[in-house]
Amino acid sequence: MATDHSRIAARLMISPAVLLLLGWMVVPLSMTIYFSFLSYNLLSPGTEEWIGLVNYEFFLTDPAFFAALGNTLLLVGGVLLITIVGGVGLALLLDQPMWGQGIVRILMIAPFFVMPTVSALVWKNMFMNPVNGLFAHLAKFLGVAPFDFLAHAPLFSVVIIVAWQWLPFSTLILLTAMQSLDQEQLEAAKMDGAKKFRRFFHIVLPHLSRAITVVILIQTIFLLSIFAEILVTTNGGPGYASTNITYLVYAQSLLQFDVGGGSAGGIIAVILANIVAVFLMRMIGKNLEA
Amino acid sequence: MQTALFDHKKALVTVCAWAIGLAIFFPILWTILTGFKTEADAIASPPLFMGFDWTLENYNEVLERSNYFRHFMNSVVISVGSTLLGLLIAIPAAWAMAFVPAKHTKDILMWMLSTKMLPPVGVLIPIYLMFRDGGLLDTRSGLVLVLTMINLPIIIWMLYTYFKEIPGEILEAARMDGATLWSEIVYVLTPMAVPGIASTLLLNVILAWNEAFWTLNLTAAEAAPLTAFIASYSSPEGLFYAKLSAASTMAIAPILIMGWFSQKQLVRGLTFGAVK
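Sequences listed follow chains Z and B, in order.
Note that the numbering used here gives residue 120 to position 120 of the first sequence, counting from 1, and the numbers run on in steps of one.
Note that the numbering used here gives residue 44 to position 44 of the second sequence, counting from 1, and the numbers run on in steps of one.
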């Protein structure tokens, strides 16, 4: 059906997008790689020199890097745990017949549309503040001492804020997957006398496994790059207690003006993200064939 | 008896679901309420839920003092501008890939997706330096460019999955009836593609509106959209809860409403068609 003529037209239609994305990926990324081998500080321009792998050595032996790597893993892992477990639970709940389901869905989905700086500041000031926050009021009401979340559990607080933002996403996707479950199969299992949780573990959960994988992979891509929530709540502190890799690279390059070191960190972040990306691409690629 | 039992369960589910739904929504509700309080009422102990003197004073003050309108317009221009520019580049590409698939179409699609997985810090420094040297730091056009590139893979993917669903047979039939390529595009394809394009537009405006890595790093005052404006409340102004709440409510209200209309597209757009 496709003639040579239409093939040429198709190529012309695709090429602007391909060229732009290629440029966007190749040009800055090669510059970052190049910078990562330089001693390059924005405060002393003109003194750039080639220093080989020294930046990587410094970055990888810096205790801040290990703190940041650990925090990144805890942040991603913590948020995934809350959003997957919570998402499956909420999807199961929302899949039942109830009154006002549409409104409940609207209420639950809302946090996803709140911009990161707003949700972070609202949680930080109006909920977690140890004097005037709602949690402090609650503590006072219960007669216990208020807890200073951002000072004593900064990473945990960031996890809570980010999980609140992403719970709607996993719920919505898992609910969509749940609704494509074969009801007859469930009925048959019920007839055969399978108990509720056996039905859940043997039918519902396997059916959701694909959607869960997709949620894990996509969220991981976004969660590796969490930035604004940390910037406006803790600034990565106290110390490095809530610094993730993204924030560390930002601090190194735009706060300490160390372009070389920051670039090395950026490349390490790219490598970490790529490991996740390989799995995600395989999943989506498989689906494309089906 | 059977029906009574059923209703009992339905009532229980309803109560649970509403309780959880309201709990999840509560921070937003609390923000909206606090925006209408005086600063004194906003930090009253015990907290006031409804019984306070409603006031619009915070809204007035935010609008007057802080160039709010400029930041709002920056958000509009940046999110709508980057989405339209993205659509302009993506529509022909997605169209060609959906209707004239070639041997490498799938590889190209997968590669485009892979660019989305590049963490922004990996290219932060070069982009920042290029923007500095090219005079694009803190400009709307600079941000439009960056956000277009950031969202282009998602736009192409969404459009592709929508276009894929337009059956090729319809085109064959139109051709049989003697339709020219032009009338085929205008009268047959476009009407079928409009809903997909509209959903793509909606979701991408939302994503661009809330984008908070590049908008925070590449703007200062002139081109700062609402994400960056709100970030300026981080301290110590953030302790003025009522004003923070009023500013926040204004920043999220338009997108919250748009978001509620785009629930279905959200699943599809953000999973690249892997879950429908």
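Be a bit skeptical, because a hint or two may be false.
What the hints assert, rightly or not - Partial chain Z-side listing against chain B, Cβ under 7 Å, derived:
#1 96
#2 110
#3 132
By construction, these hints were calculated from the structure, which means they are not laboratory data.
C-beta: ideal position from N, C-alpha, C; glycine also.
ask   = Per the CB criterion, is residue 96 (chain Z) less than 7 Å away from chain B?
value = 4 Å, holds
inquiry  = For the restraint on residue 110 (chain Z), tell me whether the closest CB of chain B is nearer than 7 Å.
reply    = Nearest chain B Cβ about 5 Å off; hint holds.
Minimum beta-carbon distance criterion (7 Å), residue 132 (chain Z) to chain B = With Cβ-Cβ at 4 Å, under 7 Å, it holds.
Figure legend: structure checked against the earlier numbered hints; every hint is met.
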